[in-house]
Amino acid sequence: MYKILGSVIILVSSTLVGLLVANKYKIRVKQLKDIRGNFQIIETEIFYTATPIIEVMEKISKQARQPLCKIYDDIAKKLKKREGESLGDIWKNAFERRKEYTCFTKEDLETINFFGSILGTTDRQSQVKNAKLVQSQLMKLEEHAEKDYIKNEKLFRNLGILLGLAIVIILL
Amino acid sequence: MNIQNQRKKNATIMSIYNIILPSLSTNIREVIKRVDPGYLNAVEEIRIRENRPLMITLNNRDYLLKVDGNITSSINDAYFVNRQDTLNILQLISDYSIYAIEEELRNGYITLKGGHRVGFTGKGVLEDGEIKTLKYISGFNFRISREIKGAANIVIPYIKDRGEILHTLIISPPQCGKTTLLRDLIRQISNGDINKGLRGYKVGVVDERSELAGCFKGVPQNEIGIRTDVLDACPKAKGMIMLIRSMSPRIIATDEIGSKEDMLAIEEALNAGIKIITTVHGSSIEEVSRKPVLRDLINNKVFERLIILSSRKGAGTIEKIINGKTLKNIFN
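Just so you know, the sequences run in chain order L and X.
Using the working numbering, you'd call the opening residue of the first sequence number 1 and step up by one each time.
Using the working numbering, you'd call the opening residue of the second sequence number 1001 and step up by one each time.
No wet-lab data here; the hints were simulated from the structure.
Here chain X is said to cover these stretches of chain L; the calculated rule only asks that three of the stretch's residues, wherever they fall, bring their Cβ under 8 Å from a Cβ of chain X:
{"no.": "1", "stretch": "46-52"}
{"no.": "2", "stretch": "80-86"}
{"no.": "3", "stretch": "111-124"}
All C-beta atoms in this analysis are idealised placements derived from N, C-alpha and C, irrespective of residue type, glycine included.
With the hints as extra help, turn the sequences into a complete structure.
In structure tokens form, the structure reads like this:
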């Protein structure tokens, strides 16, 4: 009786771990899509109304989804303090601090931080050019992420179940 | 009077602490914070030049600052401004958004909250012979703006006639309080004062260099009167015509006229029955008359009052108020 109960618990938990890992890939795709959308809005704000970056960050922190909205909010608050740090550093640190809530890879963050480092440092036209460049890079990352997701989702889902089964069999 | 002085003093220092300091780099901020409040209150400019000593000017003289905020006469003791400082300041005065101050970069100055102006220099980027923008910005001049309410008290009785305001030209050398006088004139005419027999008029202000109203994001930071409409950062001539057509002003005020276009705009205003109050650089009618546009205006007796300023007894000394029709001094 206990044996069966134990096996079921092992099986369920390992399946869940498998699903959780698989889900990370899905979330990464979603977050990459979200952030590209946000960058598009930032680009529009800069190009059409030349809104200062603090206002843009405040605005986008209200529109964006979790956890990105929190990050933008952090950036806006930090900028308002006017402590003399550059926007690029503030941006990088904000993403670093909330790393555990995002599923970005190192490569993703490099692109995202590049966007932060040039934000606000040039005239409007160059801002737009750079924003477009970053967006196309994000698009590529998105494609990769999507492929990874399709490839790995099944893998980790099945791996979870199979690993659970293997443990159960060994223990039995 | 003492209390009033005290309050004015505090207002200047507060404004330096709340508006100027957050726009300075962290290092320079610390230096300025340590400057004696008595000096700080009288500061006219804070000069920041890369790789050179930090300076403040007061009473038309400049003083080098040490790291501890004390004044020094030796260059070696002074705080030297570094690249980090200038980069920092540029980020802060632009609110981290260079793209939002393209126009200001082209003009070479930006207006902060409170009407303070920051001028800057750097390397020009040209396009078709025109300055497109500045880069490598390395020099800043923070000009502390002060409103002096009541600066126009003496003048008011001379520039009205049976309840009507007269066409007025203020002639003054630089730094003699021309803009301060004009600003207070605008405020008093716009607010009106029953005790002085002055009703409030609608005043349109074309503030090409953001000095009169000191607009920040389109909202005047200086007290400029309750019936005053401000067109900020617009070319004077175009702005005047825009105001005539859109805001039905009774009086149009602008700073420093001189171009042919200004002349045409003034003519249009005259045709619409609008009174003009404006200023020009100079120290006498003869000197001003050397400029063709102004010679025509003065010869045609367009201006009914000409006010001549000097700094003989401090900035804003009124030398003469001349009746434009008879060219006689009516001020004693």
